[in-house]
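Colleague: Take the given structure of chain U and dock chain A to it, following the hints.
2 protein chains.
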Amino acid sequence: MAARVLLQQCLSARLQVTEAEEAAEYAEIQRGTLIYVCFCKGATGDIVPKMVNTLLNVKLCETNEGNYVSVLDLPANILIIPQATLGGKAKGRNMQYHYNIGKENGKALYAQFVALCEKEFALNCRCVEAGVVVRHGTYGNRQVLQMDTNGPYTHLIEF
Amino acid sequence: MAARVLLQQCLSARLQVTEAEEAAEYAEIQRGTLIYVCFCKGATGDIVPKMVNTLLNVKLCETNEGNYVSVLDLPANILIIPQATLGGKAKGRNMQYHYNIGKENGKALYAQFVALCEKEFALNCRCVEAGVVVRHGTYGNRQVLQMDTNGPYTHLIEF
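Just so you know, the protein sequences line up as chains U and A, in that order. Read in full-length UniProt numbering, the first sequence has 149 at position 149, and its numbers run on one by one without any break. Read in full-length UniProt numbering, the second sequence has 1 at position 1, and its numbers run on one by one without any break.
Bound conformation, chain U alone:
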């Protein structure tokens, strides 16, 4: 496994993107998908285009008619949340993170992932016309998050 991603649908979400000691700033989205991302040991940049292609095209967003389409096709917003804890493995009463990528490599892959999502949204006419956005958390921060859902409709996708 090179990466583990969790998807939750939201009506709105707000994530703090500043460090605890700074004045709070937030990344906010209205209706869309939360994408929690964790890269594992050995992951390289090759995996990122495949991840973005899958995540932006998998049909998990509900239309007003109750059908499911991709986030690009709805279109809806995305909020990307770095979430290293997703790579943890329970051992006895403790969680271990031996399979997680190192901080510098993880930060670089995360930046590449965010940039590619932003590019795909910018190239998609439907997204541009609808004004939907890509927002993201700050790698290494505590991810202070509020969300409001009409069903988190939680999915896990491993790469």
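Keep in mind that the hints were calculated from the coordinates and are not lab data. Treat the numbers as computed from the prediction; the structure is a model and nothing was measured. Wrong hints could be hidden among the right ones.
No distinction is drawn between identical chains; accordingly, a pair holds when it is met within one copy or between any pair of copies.
[As the list claims (entries may be wrong)] Taking lysine to any residue pairs in the SDA-like style, the calculated list, with each CA pair at most 25 Å apart, reads:
1) Lys107 / Phe121
2) Lys89 / Thr44
3) Lys89 / Ala2
4) Lys50 / Ala115
5) Lys50 / Glu22
Modeller: Below, chain A without anything else, positioned relative to chain U:
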């Protein structure tokens, strides 16, 4: 795999427990752990005590001093959310749920899981004294959820 569980820490959370057409009623907790549960095909009641033992004792709750203890030891509340979508597997642009348990068996295991969590909380003096609670969603419902976190601190545990 018999079950997949996702854990998120929250400062507060509110889950609708009535059907859409009824007057809305909510299960609410203050600080604690959200436990999203999905049972897979072939799961039996034997797995439930092991799941509850692991989930209530794994050290994922942060104390005011920044240490990590179990939800029973903090102690904090839990909100159990049935989340069948967690068992989905991406195939092309679609999610498939071939590995999920049937509805009747899933409902029975979910009820057993909730009952055992409630029993463990009721037997734990620290939980009783602190007045922490077990709340849960209605199996088969759309899980309309709001949550506020100081870091969702998301973990996956498979059984």
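Colleague: Now tell me if each hint is right for this structure.
Modeller: Verification of the hints:
1. In this homomeric assembly, lysine 107 and phenylalanine 121 come within 25 Å of each other (Cα to Cα) only inside a single copy, at 21 Å, whereas the closest approach across copies is 40 Å.
2. Proximity of lysine 89 to threonine 44 under the C-alpha cut-off of 25 Å is found in both arrangements, the shortest distances being 21 Å within a copy and 23 Å between copies.
3. For the homomeric pair lysine 89 and alanine 2, the shortest alpha-carbon distances inside one copy (15 Å) and between copies (16 Å) are both at most 25 Å.
4. Taking the closest pair of Cα atoms, lysine 50 and alanine 115 come within 25 Å of each other only inside a single copy of the chain (14 Å); across copies the shortest separation is 42 Å, beyond that limit.
5. Taking identical chains as interchangeable, the C-alpha atoms of lysine 50 and glutamate 22 are never at most 25 Å apart, the minima being 35 Å within one chain and 43 Å between chains.
The structure does not agree with numbered hint 5 stated previously, though it agrees with all others.
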